[in-house]
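> First to last, the protein sequences are chains X and S. Numbering (our numbering) for the first sequence: 1 to 111. Numbering (our numbering) for the second sequence: 1001 to 1111.
Be a bit skeptical, because a hint or two may be false.
[Stated by the list, open to error] For each label pair, taking beta carbons as the anchor points, the in silico distance ranges come out as:
#, chain 1, residue 1, chain 2, residue 2, range
1, S, S1065, X, D17, 25 to 31 Å
2, S, S1077, X, K57, 23 to 29 Å
3, S, E1026, X, S58, 41 to 47 Å
4, X, H14, S, P1069, 18 to 24 Å
5, S, I1053, X, N22, 45 to 51 Å
6, X, N75, S, G1052, 23 to 29 Å
7, X, S7, S, L1109, 44 to 50 Å
8, X, K41, S, E1022, 41 to 47 Å
[Unchecked claim] Negatives, chain S to chain X, calculated, CB over 12 Å:
#, residue
9, V1012
10, T1024
11, N1032
12, K1079
13, L1090
14, A1092
15, L1109
16, L1111
[As the list claims (entries may be wrong)] Taking lysine-lysine pairs in the DSBU-like style, the calculated list, with each CA pair at most 30 Å apart, reads:
#, chain 1, residue 1, chain 2, residue 2
17, S, K1079, X, K37
18, X, K40, X, K68
19, S, K1079, X, K56
20, X, K67, X, K56
If you are wondering where the hints come from, they were derived from the structure by calculation, not from laboratory data. Glycine is no exception: its CB is placed at the ideal position from the N, C-alpha and C atoms.
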Amino acid sequence: EDKVVQSPLSLVVHEGDTVTLNCSYEVTNFRSLLWYKQEKKAPTFLFMLTSSGIEKKSGRLSSILDKKELFSILNITATQTGDSAIYLCASNAGNNRKLIWGLGTSLAVNP
Amino acid sequence: SQTIHQWPATLVQPVGSPLSLECTVEGTSNPNLYWYRQAAGRGLQLLFYSVGIGQISSEVPQNLSASRPQDRQFILSSKKLLLSDSGFYLCAWSPLAGGGYFGPGTRLLVL
């Protein structure tokens, strides 16, 4: 059965800390891995990763994929209170490009 | 560019009443379309997905149904709502290249 597992489920840090969120996947016909940030509304797209070892970066956020070990990490450096959110990971898999989701990591950044 | 519309933003319905939520996508053709439900602020549950007009796959048995009458239109329905149908309903689409994008979501409260 296809699955995506995120860890930790919940994390509390202080402003300025660096965090690493993990996402492992086991899917048939893997196509891509996606990261989203969700605050109080619909998830917003962060990154799509298709190739191993190539880091995607946007400001203080970066992500990388390891297709051999079947996982991805999302790094946030110098965290700010505005980074508080649920971070969702999904895999785009199969001939029908179905999205398979993890349960998310709830990140709280305290001032 | 592509846009995805969902309405209404919030809906309060009595138990036993019917439901119709609509989602439309602009700026793309033949997208994969998805209906998700999210309860308790995390964990996206895939309800239905569609790879084309009239083609609906149901992921979870329930009293909801979906239809895709046009290429860019996806409708979520129920004949009689249950209390447990309350939640945040998200429509999403994924392009051929991979990835996934969400509509703004509908918060449904069944009383």
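> Are the hints correct? Go through all of them and say.
The hints, checked one at a time:
no.: 1; hint: S1065(S) / D17(X): 25 to 31 Å; in the structure: violated (46 Å)
no.: 2; hint: S1077(S) / K57(X): 23 to 29 Å; in the structure: violated (42 Å)
no.: 3; hint: E1026(S) / S58(X): 41 to 47 Å; in the structure: violated (25 Å)
no.: 4; hint: H14(X) / P1069(S): 18 to 24 Å; in the structure: violated (51 Å)
no.: 5; hint: I1053(S) / N22(X): 45 to 51 Å; in the structure: violated (39 Å)
no.: 6; hint: N75(X) / G1052(S): 23 to 29 Å; in the structure: violated (38 Å)
no.: 7; hint: S7(X) / L1109(S): 44 to 50 Å; in the structure: violated (32 Å)
no.: 8; hint: K41(X) / E1022(S): 41 to 47 Å; in the structure: violated (18 Å)
no.: 9; hint: V1012; in the structure: holds (18 Å)
no.: 10; hint: T1024; in the structure: holds (15 Å)
no.: 11; hint: N1032; in the structure: violated (5 Å)
no.: 12; hint: K1079; in the structure: holds (27 Å)
no.: 13; hint: L1090; in the structure: violated (6 Å)
no.: 14; hint: A1092; in the structure: violated (7 Å)
no.: 15; hint: L1109; in the structure: holds (16 Å)
no.: 16; hint: L1111; in the structure: holds (22 Å)
no.: 17; hint: K1079(S) / K37(X); in the structure: violated (33 Å)
no.: 18; hint: K40(X) / K68(X); in the structure: violated (34 Å)
no.: 19; hint: K1079(S) / K56(X); in the structure: violated (45 Å)
no.: 20; hint: K67(X) / K56(X); in the structure: holds (15 Å)
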